[in-house]
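Q: Model the full structure from these sequences, guided by the hints.
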Amino acid sequence: MAEKMTGAEMVIQALADQGVEHIFGYPGGAALPIYDAMFQQDFVKHILVRHEQGATHMAEGYARSTGKPGVVLVTSGPGATNAVTGLTDALMDSIPMVCITAQVPTTLIGTDGFQECDTVGITRSCTKHNYLVKSVADLPRVLHEAFHIATSGRPGPVVVDIPKDIQFAVGEYYKPENGTLRHASYRPQVDGDVRAIEAAVDLMLKAERPIFYTGGGVINAGPEASENLRELAELTGFPVTSTLMGLGAFPASNRQWMGMLGMHGTYEANLAMHDCDVMINIGARFDDRITGRIDAFSPNSRKIHVDIDPSSINKIIRVDIPIVGDCNRVLEEMIRIWRSKTNQPRTEAIAPWWNQIEKWRAVGSLNFKNSDAVIKPQWAIQRLYEATRKQSKDVYITTEVGQHQMWAAQHFHFDKPNRWMTSGGLGTMGYGLPAAVGVQVAHPDALVIDIAGEASVQMTMQEISTAVQYRLPVKIFILNNERMGMVRQWQDLLHGSRYAHSYSESLPDFVKLAEAYGGKGIRCENPAELDAAIAEMIDYDGPVLFDVIVEKDENCLPMIPSGKPHNEIILPDTANLGSIIDEKGRQLV
Amino acid sequence: MNAHLQPTGSAYFLTQETQQTERHTLSVLVDNEPGILARVVGLFSARGYNIESLTVSETEHGRRLSRITVVVVATPKTLVQIKLQLERLVPVHRVHDLTAEGNYVERELALIKVKGSGEHRAETLRLADAFRAHIVDATVESFVFEVTGKPDKIDSFIALMSPLGLVEVVRTGLAAIGRGPEAM
Ligand SMILES: Cc1ncc(C[n+]2csc(CCOP(=O)(O)OP(=O)(O)O)c2C)c(N)n1
Ligand SMILES: [Mg+2]
Chain X
1 MAEKMTGAEM VIQALADQGV EHIFGYPGGA ALPIYDAMFQ QDFVKHILVR
51 HEQGATHMAE GYARSTGKPG VVLVTSGPGA TNAVTGLTDA LMDSIPMVCI
101 TAQVPTTLIG TDGFQECDTV GITRSCTKHN YLVKSVADLP RVLHEAFHIA
151 TSGRPGPVVV DIPKDIQFAV GEYYKPENGT LRHASYRPQV DGDVRAIEAA
201 VDLMLKAERP IFYTGGGVIN AGPEASENLR ELAELTGFPV TSTLMGLGAF
251 PASNRQWMGM LGMHGTYEAN LAMHDCDVMI NIGARFDDRI TGRIDAFSPN
301 SRKIHVDIDP SSINKIIRVD IPIVGDCNRV LEEMIRIWRS KTNQPRTEAI
351 APWWNQIEKW RAVGSLNFKN SDAVIKPQWA IQRLYEATRK QSKDVYITTE
401 VGQHQMWAAQ HFHFDKPNRW MTSGGLGTMG YGLPAAVGVQ VAHPDALVID
451 IAGEASVQMT MQEISTAVQY RLPVKIFILN NERMGMVRQW QDLLHGSRYA
501 HSYSESLPDF VKLAEAYGGK GIRCENPAEL DAAIAEMIDY DGPVLFDVIV
551 EKDENCLPMI PSGKPHNEII LPDTANLGSI IDEKGRQLV
Chain U
1 MNAHLQPTGS AYFLTQETQQ TERHTLSVLV DNEPGILARV VGLFSARGYN
51 IESLTVSETE HGRRLSRITV VVVATPKTLV QIKLQLERLV PVHRVHDLTA
101 EGNYVERELA LIKVKGSGEH RAETLRLADA FRAHIVDATV ESFVFEVTGK
151 PDKIDSFIAL MSPLGLVEVV RTGLAAIGRG PEAM
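Going down the list, the protein sequences come from chains X and U. Count the first sequence with the UniProt record's numbering and you get residues 1 to 589, in order. Count the second sequence with the UniProt record's numbering and you get residues 1 to 184, in order.
Fair warning: there could be bad hints in the mix.
[What the hints assert, rightly or not] Simulated crosslink set (DSS-like; lysine-lysine; CA at most 27 Å straight-line): (1) X/359 / X/206; (2) X/359 / X/369; (3) U/113 / U/153; (4) X/390 / X/520; (5) X/564 / U/77; (6) U/77 / X/584.
Derived by calculation from the structure, the hints in this document are not laboratory data.
A: Structural data, given as C-alpha cells:
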C-alpha cells in the first residue's frame, strides 16, 4: 500500500520497515530534513558520534556482533569523506552496512556547491554498490534494495546518496513485498553444486592429513553455520584452524582446534597447512597474510574451496574443487553426504597425522618469557581472558591494529561466533574503540572490551565521549608499550632497527583523559597488581580507559615473514630478527 | 595436486607468471544507469587490467540495457578473474568471453582523413576502393574515408594511407556479437 510522504520521512520509514533500531550518525546542513523526520518518531534510535569514521566502525561492530546490517547517516561533503575509511574496512571484511549520505540539492550538483563532493564517485570502489537518488519516486526501491544488497550474498557496505531537495520532495512510499526484491541482475548463488560437494566429501573420506581452514564466511553465514562446522568437525575428526576473521566459529576449547593460522598463527596450524593432503577451505579467501609465499603454499594438498563469491575462487591459489555457495548451506550438504557414506570419523586413518600435530603443538609456539618486574602484553591478555571467564555476562572483544591485536587473537579464546570484532582486511588503527561502542549499543548488558594499543586508540579516542553520553560501559584495555609496536618490530626485522617515527611521543595521561571525558581511568604497571586492576575495570559501571604499561620491546611471535613459506616460521626463542629476511622479502608488505 | 604451481588471477603476477597473454573480446550486458561505465572502467584500473578497446551504447531502449564490448589483453587466469569481477558489479547482467566461446563476428568502423594531390590522390582512391572504403567527405586536397571491418583490416588500410598523406584517424572500437540465432 502506497503512502504519501517526504523523502526524509521515507528514509525513516524504510529503516523502521527494515527493523533498524539503531543508527550511527552526525548531522549537517544537507542531512537536516532526515534529522527532522527522525526527531518526530521514536522507533529508530540515533547515536550521535564524534566523527563519521567512528559511526562507520560502530556500525561494523554492531553488524558483526548481531548479524544485522549496521546503519550510518552522515551529511554531504566532509561527512561523506570521513566515512570512507569505514566503508573500505567493511568492504574488505564483508560487513553488511547501509550508509546514507546526504547530498547538496540536485540543482547544485556539479557546481562545486558548499559541502558538495562526488560521493558516489569517491565511494564507488569502496562499496559493494552505491546510488545517487535523483528522484523521490526511486527512493523507496533504492532504500530497500540497499539493504538487500548489503546483507545478501557476500555482505558489504552500500551507500545511498540523497540530495536535499529529494529529502523534501513528496512521493509515494511503498514497502516491497517479500520476493519482489528479486533483482534483475544481482542474484548471488547460495546453494553449492551438489556434485562438487560430493566430490569434496569423497576426497575428505580418503584424506590422511586433512585440515579445515575456515574464515569469516562461516561467521557471515550465521550462527547455524558455526554449529554445522562443529558438527562436521566432530563427524570427520579433522583438525580445524581459522583466519583472524573466523575466530569463534569453532570453539577454542575443543581439542580439534589448532589456533589461528597465518603470519602470526600457531606453529601447528601453519605446519599442518603446509603438510596436509586435503585442505578444506570454508569461507576464507587465501589472503596473503595466510598463504605466505604462494609457490610454496601447501605444496602437496588437494584443495576444496567453499566461497559465496565466485571471484574469490582461483584468485590467488588454484583449487581442485571449487564450490560457490553459502557456507551454511554447503556445510549442511557436506554433513548430509558424509553421513550417507559413513557413520565413523576417520580416527584411525588420521591418527598419525594427529600425532604429528601434537608434536608441533608441544613446541608451544605461543609461549613467552613472563616477568615479575614488568607486565608482559601476552600475559595481560591471558589475565584479562581468565577474569572474563568468571563473568556471567556475555563477553565481546574488539581490537585496534598492531601487536596487541595479534596477541589478542592468540591469547584470548572464543567459543562462540560474533564475539570477536577486528579489522582484518584493511587493518584500520582506530577501529576498536568505536566498534566496541557499536557492540555495546547492540548488547547493553554484555561486557565489551577493546584490546587497544596506545597509538591506535588515539585515532578515534573522541568516541569515548559517545560512550559517556549514551552510558555505554565499554572497557578500553590499552597495552601501552609507548611504541607503534608492530612498526617497531618490522623495523627490527627489515630496517636495521632504525626506528623512524615509531615512538609514541607526548602520550596523554590516559587516566586524566578518561576523567576529562567523564569516564574512569586506571593505570597499572606492576604485574602483582594487574588482576585487581582488571577486576576494578570490569566492576566499574561505565566507560573505562585502562592504561596497562607493558614491556616495550616485546616481539609478536610466532611470525611467518612476508615472502616465506609456512615451514619457515619464526618461533619465540629466535634472538636476532634482523638477519632473517632477504632483499626480496623486504619489498613485500 | 600441483594446483599451487599454476598461475593466479592477479594482473600483477603474484607468482612468476609463465603464461602468455591473449587478446579476448568480452561482451557485457549491463543496466544503462548513470555511472555504469565508471564502474566498469574503475574496476579495470583498480585491478590493473588492460583495456585495448571499449565500446558502449544502449541497445535495448525499452529495458534500458546497454552492451559494452571490451577488448582486453591478459593471461588466461586473469581473464577468468576479469569476467568474475565484472559479474560482481550489481548492474551487470551477463559477461560473455566471445573469444573463449569461439563463434562470433566482430567489426569496427574508422573515419580516416587523408590529404594529397596528383598521383597520391589517385593511388589513395584505388586503395580505398580495394578496401571498400566510402568517401564521406571530399575537398580538392583531402578525403575522409569510412572503413568498416575487422580491426586488422582497418590497421592495414591505415598503414597503406600513412605514406600517402594520412592526417588523422578516429575509430569506434570493436562491436562484436555471437553467431547463430541465440541471444547472449
Ligand atoms: C590508520 C592506520 N595507519 C597506519 C597503520 C600502520 N600500522 C600498523 S600497526 C601500527 C602501530 C600500532 O601501534 P599501537 O596501536 O600502539 O599497537 P602496538 O603494535 O604497539 O600493539 C601502525 C602505525 C595502520 N594499520 N592503520
Ligand atoms: Mg603500542
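Q: Hint by hint, say whether it matches the structure.
A: Each hint tested on the structure:
1. X/359 / X/206: The given pair, whose Cα atoms are some 23 Å apart, holds under the 27 Å limit.
2. X/359 / X/369: Holds: residue 359 of chain X and residue 369 of chain X sit about 21 Å apart, inside 27 Å.
3. U/113 / U/153: This hinted pair holds, its Cα atoms lying about 16 Å apart.
4. X/390 / X/520: Holds, because 22 Å separates the two Cα atoms, which is no more than 27 Å.
5. X/564 / U/77: holds, 24 Å
6. U/77 / X/584: Within the cut-off at roughly 25 Å; holds.
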